[in-house]
Amino acid sequence: MADLTLTIDGGTVTVPEGSTILDAVRSVGGDLPTLCHGPTLEPANVCRVCMVEVEGAGALVPSCSRVVDEGMVVHTDTDRARHSRTVVMELLASSADLERVDDRFSAWMEDHGADPARFTGATIEGRPAKVHDDLYVRDYARCILCYRCVDACGEQHQNTFAITVAGRGFDAHISTEFDVALPDSACVYCGNCIAVCPTGALEGKIAWDMKEAGTWDIDRQEVTRTVCSYCGVGCNLDIHTQEGAIVDVTSPEDHDVTLGNLCIKGRFGWSFVVSVDE
Amino acid sequence: MFGAGGGTSSYAEIEETDVILMWGSNAREAHPIFFHHVLKGVHNGARLFAIDPRRTATASWADLWLGIDVGSDIALANAVGRHIIEEGLHRTDFIDAATTGFDAYAEAVDRYTLEHAARITGVPASAIAELATAYATAGTAQLCWTLGITEHHNGTENVHALIDLALLTGHVGRWGSGLVPIRGQNNVQGGGDMGALPNKLPGFQDVEDDTIRSRFESAWDAAIPTRSGKHISLMNEAMDEGEIRCLYVLGENPMQSEADGSAMARRLEGLDFMVAQDIFLTRTAELADVVLPAAGWGETEGTVTSSERRVQRSRKAIDPPGSARDDIDILAGLARALGHDWDDRPAKDHWDELRLLSPMHAGMSYDRLEAEGGLQWPCPDEAHPGTPFLHGRLWDRPLTSKRAPFVATEFVPPVDELDHDYPIRLTTGRRLDSYNTGVQSGKYSSPRRIGGSIDLSSTDASNLGVEEGDTVRVISRRGEISAPVRIDPTLRAGLAFMSIHFPDDTDVNQLTIDAWDPKAGTAEFKATAVRVEA
Amino acid sequence: MDLRLLSERPSAEERSAVDALLGSPERGDGRVAVGGHAVRARRHLLLPALHALQDAAGAITRGGVAYISERLSIPPTDVFGVASFYELFEVDGPGGVTERPCDDIACMGRGVAPVGAGTHVEPSACLGQCDRGPAVLRHEPGRGYTVRTGGAIGGPIHQPRSQLRLLRRVGAVDPTSLDAYLDSGGFEALAKAKAMGGEAVIAELEASGLRGRGGAAFPVGRKWDGVRRAAGDKVVIANGDESEPGTFKDRVVMEDDPFAVVEALALFGFVTGAKEGFIYVRGEYPTAAARLEAAVAAAGERGLLDLAIEVRRGAGAYICGEETALFASIEGFRGEPRQKPPFPNEAGVFGRPTGINNIETLVTVLEVLRIGGATFAELGTEGSTGPKLFCVSGDVDRPGVYEVEFGATGRDLLDLAGGVAAGRALGAVLFGGAAGVFGGDDALDVPLTFEDTRAARLTIGAGALIVFDDTTDFEPVVERIARFFSDESCGQCVPCRVGTVRQGESLQRMFSNPASTPLEVRLLGDLAKAMDDSSICGLGRTASLAVRSAIDLGLVGAAHG
Ligand SMILES: Cc1cc2nc3c(=O)[nH]c(=O)nc-3n(C[C@H](O)[C@H](O)[C@H](O)COP(=O)(O)O)c2cc1C
Ligand code: SF4
Ligand code: SF4
Ligand code: SF4
Ligand code: FES
Ligand code: FES
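Residue numbers (the numbering used here), protein chains in the order written: chain A, 1 to 278; chain B, 279 to 812; chain C, 813 to 1373.
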């Protein structure tokens, strides 16, 4: 594939054809905030925290999805781009509970001087979490509507289509059909939505309980990579242990067999390891 | 397949192929992450054909589903082969250059006209022809199967009939074209790799080959029996005949996993001595004289091999509970107790020993497995990248290696015939959230689990005058159980289904027949004749 | 695919309504089933199927969703997600009669229309009947939609017919008769185009200087040429989703000159080489949809069409007028706009090269063909050629559609409409509708051309002029505009989904506590910049225009600003 050359903040950058602006920025050690962009998913293009200025384009462009053209001139740090990213972060933080988004994002907020308190009004914060079973929790007060779970449950990974975006505008929300409880829906409990959720809105029950109780402690956790004990496909698993007990099981998103996905047995079927009649 | 016991292709290939055949495989539920790759292929435009008596979750994704009678696979495959030949769609260049036995094959399939096969399989001739044409004319095609093909009295023949189709069309040995048996358990492939087969040493090397055997004998400083051992069904026979008096069972639950359960119970109870080594106190272990608690998944180090022949590291995340120990340590301890000086060595040392003896694993160091996320055998040396697909050699011109043989097969109906007293065909399988006899999967609380049941078509249910949830008696020539009815729209009249996961409630193996395939020793789980009484 | 349905089953009526659209289901014999790509390729029938269900049941019921799901192999959750996107679909609703009285800005001054007793009432944004408001849209199971209007009107046209080009048949030629259309010069433009060939048509269009009338003013010749040059199986679309408050010109054309729309789309297809065409009609325009359907059928039967045309009804979503949202809607997805590029002529509906024009644009093409590109270019101004339809509504004597040559001013149009009522003075004019800009008396002298309005920081938009007299309280008007955007935001992108809500909240705070005005004005400015810069589509990018201009003009927030 041919290489393309572009200018980012005055410096010349060369990237393979098909790279996005974000790829190009990262290729030279830079970075931009992102939320809806998932490494295993097509860009959803919706959160708009990654916007940059491209000369010649009227509006700002999403760096996570805009593919580089030869000779493109990109500015990531203009007042205009920063203003927009800042307001968007403020809007998000004023409308949902971002407390469990990863640390990188809070660093971005700080870096941009975002002040969510400027905007008050309607918020989904405080909505009760949906706890319908022992496997995972949907704590939608934390949902930023990034579409990642819908895309993962849908055509891009799982193809079960148990969840969708329903409603419109500020009322848009992630829902099962007619908002029925999860066990009544089409959900197959693969947890592949959990794997892509950037906000902690979707979380394994054990992890969620521990976070609620304040006992979840990443610093005391170890991750061991192994292979699922069930069928013969060979899915890789990361076993997360805290003080010798399994607290979560995930799959590495850079493993080509799973891309971070598992089925119900792989993700949740491990409790036999800790069951009592051994 | 032609000598190497593994699927030919990588999962990635199925994303790029033109035609996918899922033959006797409900991968959507049994191998969900493999099916992710299938669906990527489908979304990329591949046509999907499903051959399965039930319109399974897999079949419901298909462009065409062929709902054949249980056990009629060979008739269908042979008719597909015949139609391809008749239409001149076979790859004569490939057949001439790289195979043997075509003429005999062509002659053998000649009586499987579309109409004949339609009568045997129950599927219209036009659908068979469509399948044949699509497969033969595809640029690339993947033929996948699982236990629906192998769990028959003639399972090996079934597999041959499918391999023949790939040879006929040249759909093997190329990126995107291959034969893909998906393994039911996380390390059946690895078990085979390691020589856990009655006739093989590690690396699929023949026990009866003197040169090979002597290499192992000198490395191990021990004598190895010169003849192949017995597969499971022969072992059953040997137990019945009193030839086998003592059994050492590692991580298996034959009490509940084998066909004709009451016969199995009699056998195990009749043994002089039985050892069970398992992570659970299974029904089998309950019968054992000695139970050796083993460490399980997440508690041991080692490797497993997946269905794309990829060897990957499995690792220890937590300590085994109580007195449970690593299988290999138990075996070493046993050896010491029997007077040999086996020491407890780390898993890596065992692996390196294997690499010295098994050429196909020689290049797979732990470091590489770690760094490269696993490697696909054969991988003969450390510079070798591993092998994404097998049998590319068949496309070398001139061919410098062995030709691939056609193996002609004949349709033989299932042993357990339907008749007036046993009019319903019962077949078995897995459900998404459960696994085998449920010893592992029964331990987590799946909101999806529907429990044991006898699944019937709505027609059969109404003929019997029963409704969802009613308890019925299911009677075969060997046994009888009772089970609640579930009405299943994926079933046609005359076909019933039970899952294998709930032997404690609905022990389907009280009903199944232990007629078995003479080569692989697999029992005919998939075809039982039953009658259902309200 | 493997569907998991809820337990509710469809009623017999629901089943037969869906079957009437999709054909009877095939009886499976338990031996073969055709599925996969062939079934999934029918996804685009989802919106029509939902209409069929709602028309039968008065609501989107669980059983009905299960049935549609099964018939089209679309997951029930997906059906639900799509249905819940559209205002007109009563998801899990009570069934029965629903009435939707307009409470939008042009009707506001005219009182709210009375609604029938025992009906389910859902206030609505502009129904595109502003010339005869207050308006109500009524839905009755089994009967479909009807529109009731309150205003007394003397027919749609208030201008001498001799001055009309685009509207010359409106009110004069029977819109239900193909013969009448042919007698009045119908299908001559298409014949001419075929005689001269596609390339020559494009040359005429380029010479004409014609620009799109849907709001973006893109040169039509260039657009058609782009589609013509694209490789692949192309599609052409007539955009009749007209939902901008204060806009109703496309409705008048579709209702009263439907054959012209059909002919123009056929011409679009001929020039670009498309074999398939859609007319996407706003769901609130039942008469337009029915007449277009009849026109397509009549012209087809007469062998006048090489293009397969389907009329698609929207279901209550302003955003579906945005072209990429419209594609998604036709495809059977939620009407969510897509990031451009790719542009429609590369990858439009179904990922195929697509040409899309506004209804007025298309019928204006017929006029270009009739009089020739050069003659057409002499009409109007240099930068804005030809005739243009304007929708004048609000506090004027004769609200309606007026056809003028480009260059006319707002005052000219106000005069045509009879001016504001005697004894009243002008308060302000909203140019371009909700996505437009308020202007005062001085703005009335700006020629309504693309170039002059740009220079004066006004807009033409799709041609709406909503007139407010000096008695108007602008606070509720501005709040209603803000609410329009938060209601109509598709909800995808954060600046628009949250920003439009914050904009409304800020206005409310400002109106209830005038002391906060300076603070809120700053906040509104920050919001506007981010919405304008970072929204995916034009809705978010224009959602603050009217609000900002009302503040700038001092219509609201003035005393303390
Ligand atoms: C929010 C929004 C709503 C729109 N609604 C309409 C509409 O109802 N009708 C229309 O023709 N164009 C509408 N457009 C413009 C279309 O996207 C597109 O530009 C137009 O159909 C192209 O036709 P034209 O070139 O003939 O104007 C809308 C745009 C936006 C951003
Ligand atoms: S658990 Fe799996 S099936 Fe259920 S909503 Fe999440 S992705 Fe979809
Ligand atoms: S639940 Fe998580 S993944 Fe899903 S839309 Fe909300 S934030 Fe995104
Ligand atoms: S700007 Fe508004 S309407 Fe447009 S895509 Fe974004 S949320 Fe949807
Ligand atoms: S990360 Fe780019 S739009 Fe969300
Ligand atoms: S119809 Fe009421 S404002 Fe347009």
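Misleading hints may appear alongside valid ones.
[Said to hold, decoys possible] Covered stretches of chain B (chain A as the covering partner; in silico rule of three or more C-beta atoms under 8 Å from a C-beta of chain A):
| # | stretch |
| --- | --- |
| 1 | 309-321 |
| 2 | 542-555 |
| 3 | 567-576 |
| 4 | 670-679 |
No wet-lab data here; the hints were simulated from the structure.
All of these numbers come straight from a predicted model, not from anything done at the bench.
Glycine included, C-beta positions come from ideal geometry on N, C-alpha and C.
Taking the hints in turn, this is what the structure says about them:
Under the rule that three or more residues need a Cβ within less than 8 Å of chain A, the assignment of the stretch 309-321 of chain B holds, with 7 such residues. Figure legend: the stretch 542-555 of chain B, annotated as covered by chain A; annotation inconsistent (0 residues with Cβ-Cβ distances under 8 Å, at least 3 required). With a cut-off of 8 Å between beta carbons, the stretch 567-576 of chain B has 4 residues touching chain A; three or more are needed, and the interface restraint holds. Only residues whose C-beta sits within less than 8 Å of a C-beta in chain A count toward coverage, and the stretch 670-679 of chain B has 0 of them, not enough to reach three; the restraint is violated.
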